Amino acid sequence: MTLQRLLRRLGNVLRPGRAERDLTRELAAHLELLEEEYRRRGMSSEDAAAAARRALGSTALTMDLHRDARSFIWGDDLQRDVRYALRTLRRTPGFTALAVATLAIGIGATAAIFTLVNDVLLRSLPVRDPRQLVILGDTRASGTAVGRQNGSFTLFSIDLYRRLREERIFDGLCAAQSSKSLVSVRRAGAAASEPAFVRLVSTNYFDVLGTRPALGRLLGPADDGASAPPVAVISFRYWSERLNRDPSIVGSKAQIDRVPLTIVGVAAPEFYGETLEPDPPSFWIPLDVERQLDPSRTLADSPDVHWLYLIGRLGRGVLPPQAQARATAALQEWLRARAGGRLSPETDAAIGATHVELVPGAGGVSLARRNYASALQLLLAISAVVLLIACANIANLLLARGFAREAETSIRLAIGASRGRLIRQSLAESLTLALAGGAFGMLVAFWGVHLLLALVFSDTDNLPFSTTPDARVLAFTLALSCASALVFGVLPAIRGSAIVSPRHTRSARFGSALIVAQVALSLVVLAAAGALARSLANLAAQPFGFERERVLVVDVDPGRAGYTYARLGPLYRELQARLSAVPGVTRASLSYYSPFDACCWGFTINAFGQTRPPEGRRSAMLNRVSAGYFETLGTKVVRGRAIDERDTPSSPRVAVVNVAFVRRFLADADPIGKRFSIGDGGVAGAFEIVGQVENAKYEDPRDDPRPMAFLALLQPDPDQAEGADEHQFIHTIEVRTAGDPAAVAGAVRQAIGALDPNLSVFRAGTLSDQVARALRGENVVATLAGVFGLAALALTCVGLYGLTAYGVQRRRREIGIRMALGADRAVVVRLIVREVLGHAAIGTVIGVPVAFAAMRMIESALYGVSPADVIDSSIAALVLLGSMLVAGYAPALRASRVAPTEALRCE
Amino acid sequence: MERVEILQGTLDLIVLQALSTMGAQHAYGLAARIEQVSEHPLTLNQGTLYPALVRLEQNGWIKGTWQKTENNRDAKYYAITKTGARALEKQTVRWRRLAGLVDKLLLNET
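Sequences listed follow chains A and B, in order.
FYI, the numbering for the first sequence is 320 to 1226, going by the working numbering.
FYI, the numbering for the second sequence is 198 to 307, going by the working numbering.
No lab work stands behind these hints, which were simulated from the structure alone.
Please read all numbers here as calculations on a predicted model, not as lab measurements.
C-beta: ideal position from N, C-alpha, C; glycine also.
Be aware that one or more of the hints could be misleading.
[Unchecked claim] Some chain A residues close to chain B (C-beta under 10 Å, calculated; not the full set): (1) Arg324; (2) Arg327; (3) Ala348; (4) Glu351; (5) Glu355; (6) Ala374; (7) Gly376; (8) Leu772; (9) Ala773; (10) Leu774; (11) Asp1038; (12) Gln1039.
Just chain A, same shape as in the assembly:
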């Protein structure tokens, strides 16, 4: 029965006209019947009409009640109210435009940040049942790791992958290269080769992830094994942008780093791989092809080199803890088998401590999630506060307008409109405003996200992020708009519908409370923005341990260009000689890594004759560098000497270490002459320390400097076969220049090309750009927080200006009287300004402790800024007070120009 009524009521919402007409007719008939009755009793027709109307009661009220009963108030009335609201809003275009624009900025900013939150934190991989996917390990590390990883494994070797796969713990377990490779691709028939990103994956990769090809086929069991013909799957984006969606691409040939492959298919349009990252791979290639791609590494045949991420699909009914326990058991068993007979109790205990942790994989692997999660949450919070401030402004505007409509309201109440009805109508108006603001806000968000992504990822436009809002973003924006309507609409609606005689003062007090809240919130936003800006400045200005100005960094890869170990010596000599001779170049050096460029590989260090640091603190980062490396980068040698021309493959093996290394492994003793070895089973004391350099940051500008050791480029590692150490194949060339490093980039490229046209330059950029790139996340957060801070300040000023101007308008009479009684202009100005400053002062007093609390919450996002620091809050308070004064001064001045006679006459 109730359902039936519900449906009919719904029906009435959809077509309110008919029921309304019916009721009007019915009431008219009722009235006539009553009149007739009264006439029959002997009344005059006039009396009868009056008596009939009395008996029937208020027709308006009846219609209202009838409407309530037959339909849903918020449905039927809503249509009417929205129409009314649109009419009213059209009558006051200035107010409407201001309110909608304010809301569009507030909602737009919040929606823009939420779009990114959605992209980076919430969205699942575009594959079948992403919730079933689990990642083995936390994917905190990428690249290659040799030997045992402490605690939780996150990188796996092919051998270990096969072992875990045999366990059949999962419905499917696939592997993907944890980093991606930049390769040169030359398609059959194409004139030139071009760079592209490639990721090596297991042949069941697409199957386990659950995606379909857009064209051709994906990888399958037939592509497994060293003897299978090498194949590749290309991304939809690559197919669209580089190949014009040429359908004949399937079956065509391509050369990737001189390895001939057949392209067998195109992945689904939405598929970007398992990792959310800029520049997702264009090619997916089976793991086995790795042997041919990079003969200097042959990771595929190194059981102890871990370089793969593993992703499993949990079968129905399999609980993650069970799967985790089984995977851990298999891992430990494998490790024990690898260790063979020489299993010391210490090693055994260390193996017992290793485990596999299953991490939910629905969102895939995401560096961005880790790097930007807290920043995005912070920005979302800040933008929400800005929206709150915007709402307070609009609430104040609506309150002020409520007074202007006082007469209208009184009349409507007098003719029988219920108070609830007026409130609903006022809320409908707020909702209309908010929805309009939300619609424009969507546009703001769309452009904002575009701009933001362009800012953060200035070096690529190939992002797996979508700037088009999806259903979740739209729903969020809609909810946000409705919530805003409630926030700014409820108070004015209730105030505006009341007839309370001392309303003026009470409502003015509401306005003041809103301004005080705005001041307090602005202070919080400004203080946070200030702290973030200072934190960025601290990060950028810290001593990095190298001089980033006037250095050009060039990425090359002689291994890919076909060089063998034997040919490296002459190549390196020639490279250094030719580059040093380029005009404008003062010094050139070669190395495997350079700062902030995919650094570094870590190894367990055994310092000869020293007590070992505790487990988990035994590794150092290693780099191989040529003579002149420290000089080129500007890293100071504090003791002994740098790696130089004396350090040849045949000379004694030497190393230079940094201050952190000496602290950790040598207890701050003089390191010169001390010896250490690399790896747990390494030749004892294989490397002699000849120098100590200052700490330099290579990875994260926030990290404490890590222990580092620098080996001579071509001195062999006694623990590896000659030529088997991939780190002897340089990846970067550093060039110190006399002037602008970008200016010599062309000449440097030319010199390299002249030496060997096959030695392609993958990238040439300045070291300062490399550092800036490492800081770009911080940079964007600080910039956005600053923009939001300014927006908050501007909104608060506008709000205060409006309130003060309105107050002056309302008090014209009072001011007129004061002036008539002898108050001069200065007194009037002081009167108004004192009120303004009163608001600002109370807001500041409330805001400062809130700002402190907020700072404590964002402490982890700050660098070198203490949350207890008063600087940012005081600056914010000063800025606020100053702005408030400016915003309040203009209306105060206007008040002082009130002509007493006119003011008195106007009422």
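Place chain B on chain A using the hints.
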């Protein structure tokens, strides 16, 4: 004259009962009937009948049709439906029980 407020929820019952005994009626007729039974004119603000009527109609307990009155005017006549009759029975039982209970309570208290 003391005005008896109609208890919330009882108006539906009164309307159903009136329609059940008198047959189809328009709103005015119903109002007149209620006034007659209660022996108090102006007991009812006649407009308040309408929300009750629309509620009952939406429940499917009564049905309204436009017909001519004896004086050849258009008026909407409401008639009780079968489900309405069943509902009336149920509501009557319920009301009696409630009224009896209240009576008993009042007696015991005094």
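We went through each hint and held it up to the structure:
Hint status for A/Arg324: holds, given a least beta-carbon distance of 4 Å to chain B, under 10 Å. At its closest, the beta carbon of A/Arg327 sits 4 Å from a beta carbon of chain B; the interface hint therefore holds under the 10 Å criterion. Evaluation of the A/Ala348 hint against chain B yields a held restraint, the C-beta minimum of about 5 Å falling below 10 Å. Interface hint at A/Glu351: satisfied, since its Cβ lies 6 Å from the closest Cβ of chain B, which is below the 10 Å cut-off.
A least Cβ separation of about 7 Å between A/Glu355 and chain B falls short of the 10 Å threshold, and the interface hint therefore holds. Among the interface hints, the one on A/Ala374 holds; its C-beta lies about 6 Å from the nearest C-beta in chain B, closer than the 10 Å criterion. Restraint check, A/Gly376 versus chain B: the minimum CB separation of about 4 Å is within 10 Å; hint holds. About 53 Å separates the beta-carbon of A/Leu772 from the nearest beta-carbon of chain B, more than 10 Å, and the hint is not met.
Annotation: A/Ala773 was flagged as interfacial toward chain B, and the flag is violated, the nearest CB pair being 57 Å apart, outside 10 Å. Proximity of A/Leu774 to chain B is violated relative to the hint, the smallest CB-CB distance being about 57 Å (cut-off 10 Å). The criterion of a C-beta within 10 Å of any C-beta in chain B is not met by A/Asp1038, whose closest approach is roughly 87 Å, and the hint is violated. Interface restraint check: A/Gln1039 against chain B, minimum CB-CB distance 86 Å, threshold 10 Å, status violated.
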